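Trainee: Chain order of the listed sequences is A and B.
The opening residue of the first sequence carries number 11 in my numbering; numbering runs sequentially from there.
The opening residue of the second sequence carries number 11 in my numbering; numbering runs sequentially from there.
If you are wondering where the hints come from, they were derived from the structure by calculation, not from laboratory data.
Note that this is a predicted model, so its numbers are computed, not measured.
Glycine residues also receive a C-beta, built at the ideal position from the N, C-alpha and C atoms.
Treat each hint with caution, since some may be false.
According to the in silico footprint, chain A covers these stretches of chain B (three or more CB under 8 Å from chain A) [as the list claims (entries may be wrong)]: (1) 196–204; (2) 211–222; (3) 291–304; (4) 310–322.
Protein chains: 2
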Amino acid sequence: MTRAVRTATTLVVDIHSHFLPRSWPDLAARFGTPDWPWMRHLGPGKAMLMVGAQEFRPVTAACWDAAVRLEAMDRDGVDVQVLSATPLLFGYERPAAQALECARIFNDAALEVCAAAPRRLKSLCQVPLQDPELACGELSRAIDDGHVGVQIGNHVGPRDLNDEGIVTFLEHCATEGAAVFVHPWDMMASERMPRYMLPWLVAMPAETQLSILWLILSGAFERLPRSLKLCFAHGGGSFPYLIGRVDNAWRNRDIVREDCPRLPSSYIERFSVDAAVFSADALALLVKTMGEERVMLGSDYPFPLGEQQVGSLIRSHPTLPPATRAKLLGGNAARFFGLDPEPLASEGSRAASLSA
Amino acid sequence: MTRAVRTATTLVVDIHSHFLPRSWPDLAARFGTPDWPWMRHLGPGKAMLMVGAQEFRPVTAACWDAAVRLEAMDRDGVDVQVLSATPLLFGYERPAAQALECARIFNDAALEVCAAAPRRLKSLCQVPLQDPELACGELSRAIDDGHVGVQIGNHVGPRDLNDEGIVTFLEHCATEGAAVFVHPWDMMASERMPRYMLPWLVAMPAETQLSILWLILSGAFERLPRSLKLCFAHGGGSFPYLIGRVDNAWRNRDIVREDCPRLPSSYIERFSVDAAVFSADALALLVKTMGEERVMLGSDYPFPLGEQQVGSLIRSHPTLPPATRAKLLGGNAARFFGLDPEPLASEGSRAASLSA
Numbered sequence: 011m012t013r014a015v016r017t018a019t020t021l022v023v024d025i026h027s028h029f030l031p032r033s034w035p036d037l038a039a040r041f042g043t044p045d046w047p048w049m050r051h052l053g054p055g056k057a058m059l060m061v062g063a064q065e066f067r068p069v070t071a072a073c074w075d076a077a078v079r080l081e082a083m084d085r086d087g088v089d090v091q092v093l094s095a096t097p098l099l100f101g102y103e104r105p106a107a108q109a110l111e112c113a114r115i116f117n118d119a120a121l122e123v124c125a126a127a128p129r130r131l132k133s134l135c136q137v138p139l140q141d142p143e144l145a146c147g148e149l150s151r152a153i154d155d156g157h158v159g160v161q162i163g164n165h166v167g168p169r170d171l172n173d174e175g176i177v178t179f180l181e182h183c184a185t186e187g188a189a190v191f192v193h194p195w196d197m198m199a200s201e202r203m204p205r206y207m208l209p210w211l212v213a214m215p216a217e218t219q220l221s222i223l224w225l226i227l228s229g230a231f232e233r234l235p236r237s238l239k240l241c242f243a244h245g246g247g248s249f250p251y252l253i254g255r256v257d258n259a260w261r262n263r264d265i266v267r268e269d270c271p272r273l274p275s276s277y278i279e280r281f282s283v284d285a286a287v288f289s290a291d292a293l294a295l296l297v298k299t300m301g302e303e304r305v306m307l308g309s310d311y312p313f314p315l316g317e318q319q320v321g322s323l324i325r326s327h328p329t330l331p332p333a334t335r336a337k338l339l340g341g342n343a344a345r346f347f348g349l350d351p352e353p354l355a356s357e358g359s360r361a362a363s364l365s366a
Numbered sequence: 011m012t013r014a015v016r017t018a019t020t021l022v023v024d025i026h027s028h029f030l031p032r033s034w035p036d037l038a039a040r041f042g043t044p045d046w047p048w049m050r051h052l053g054p055g056k057a058m059l060m061v062g063a064q065e066f067r068p069v070t071a072a073c074w075d076a077a078v079r080l081e082a083m084d085r086d087g088v089d090v091q092v093l094s095a096t097p098l099l100f101g102y103e104r105p106a107a108q109a110l111e112c113a114r115i116f117n118d119a120a121l122e123v124c125a126a127a128p129r130r131l132k133s134l135c136q137v138p139l140q141d142p143e144l145a146c147g148e149l150s151r152a153i154d155d156g157h158v159g160v161q162i163g164n165h166v167g168p169r170d171l172n173d174e175g176i177v178t179f180l181e182h183c184a185t186e187g188a189a190v191f192v193h194p195w196d197m198m199a200s201e202r203m204p205r206y207m208l209p210w211l212v213a214m215p216a217e218t219q220l221s222i223l224w225l226i227l228s229g230a231f232e233r234l235p236r237s238l239k240l241c242f243a244h245g246g247g248s249f250p251y252l253i254g255r256v257d258n259a260w261r262n263r264d265i266v267r268e269d270c271p272r273l274p275s276s277y278i279e280r281f282s283v284d285a286a287v288f289s290a291d292a293l294a295l296l297v298k299t300m301g302e303e304r305v306m307l308g309s310d311y312p313f314p315l316g317e318q319q320v321g322s323l324i325r326s327h328p329t330l331p332p333a334t335r336a337k338l339l340g341g342n343a344a345r346f347f348g349l350d351p352e353p354l355a356s357e358g359s360r361a362a363s364l365s366a
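Based on the provided sequences and hints, a complete structural model is requested.
Mentor: If you want it as structure tokens, here you go:
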């Protein structure tokens, strides 16, 4: 892997990256219920993320060590990274008070990681989304503490994003000016996908498409404020490729359009997506479908299903013009998250900003 | 809607269309079990497809009346239509002997519809896929009777296309030279999609992607003969947009590649897809991903979620060259189904061929 070539005037922001604290309180002991996530450390910089007694995913120090992250950012030419926890830590299926306590632990831990380089590391909080009132409260606390937005799962059991309580929470996010990043989780039909990470390859993109369609077809976008800053992971899942099928269905079946007064594709202006699609052709379709203002670099760093050299798909794209690539690499994210639009490099070396 | 302009030298074949007989024996009475499909006729040319006491879908005479179909084909400039039953009639969840009897009824009925214009109407049979031996037997009988291939559902309960019995059936299709058209059905996670035809918009494309990935990642394509003619509906579902994500996962996680020796995208040469994507941008991505030899016009006629003016997306495409459009419109299908590659128009009017 080579150091990414970059111009001094292009701000680069990776809006989709995950963190895990090095360790956290024993939640199973605290709440007296099994199967909470914990970290089993295996050696220097290596650990297994566990769920109860089950191995969930091998992880490295990149998850918790800001110095490792910053070194990778320097290698890949990334100015700013937006961190979020992993959906495994949401606890939406737990009692809301426990999910709130969990959220506070990980939200505070995220700020600790970011404190190593507060201009380069920004964080999204998590909230107990199963309880809109508690979720709104924790959102406000977290934004006051310095989080730039919130990551939510795309559903809470059978309740999707058009659920009345979740819409209330989204309205609160708009009021607070908090960006909302929607990550697929709790993947559908896992019994049909027992191997080969199929839930990540098939169900995650379907989850994201489903949640976007619930917002569109239920009419929820008609009620939500236009000021809501909403972004979906993984290039919008299957949505961009399938929107033609949805428009065609809306035109020809009354039961598709009964709660949705406008052509489904007309709601594309209401949300953004990250660019984690791992294919130049898919990225071209994504930009054409969403518009060049609504696609933002997102890598899924530091996980193996993420982009291994962050930003390389956009930087090396054979057809996107330089101005479009600059928007995707950071211009759109600066606006979306309210970041300083000047590249940090123009104000000193990345290394120097470590102690900023 | 205007009559489609066409050149005399472009054969046009619609490979994805559905039929229903005008009526069929009372299956509930015959088998002594409830919830079999039947037709409730509502007036001239109008009926409700029923499942037991439940209304499934309003349908018209286009489903069973060859004259109506041929008139629509003339209007849209379609030379040949390949008919298949609807997945609702598969009966894979029933005792295999009943599904076989069901298959025979609908396979014979399909040939009756096609008999009105045997050079313009071709049919795919159905088989009791839950029982590979019975399925192979009915496939051979149907091919002998004049069917050009078989339509199968993309799974049988928890068994996907890599299931040993289904692979045996696919091998038999290759031996018989029978084309296999895979249609998504029995859609996943319907409890999450109770409204707006979401199972058709989200789960169907995910079903198709899932089945393609089972064939690739399980290594089934390594065992299946290269002569197998395999085609997936709806532009391959979500597969074409997400193949970059799959390749990236294969490269970076051992559990993704453990049974799949080659890069997942390298198996694209092993199957075709129809062009039912309802968006010029999606069709461009589809052709770029699959290659111009492996995409064939398919409309989902005469259902409301199908292309209302068959072939218009391909004919009016802003960037596909004429030679590519000709392949998509019929050249590829002629090869795939072993049809006469000469347009019927060069051998007389479409009307004349009605009595051919």
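Trainee: For every hint, state whether the structure bears it out.
Mentor: Going down the list of hints, with the structure as the test:
Given as covered by chain A, the segment 196–204 of chain B passes the check, having 5 residues with a CB less than 8 Å from a CB of that chain where 3 are the minimum. Interface restraint, the segment 211–222 of chain B with chain A: holds (7 residues with C-beta to C-beta distance below 8 Å; minimum three). Counting residues of the segment 291–304 of chain B whose C-beta lies closer than 8 Å to any C-beta of chain A gives 6; at least three are required, and the coverage claim holds. Counting residues of the segment 310–322 of chain B whose beta-carbon sits less than 8 Å from any beta-carbon of chain A gives 4, enough to reach three: the coverage restraint holds.
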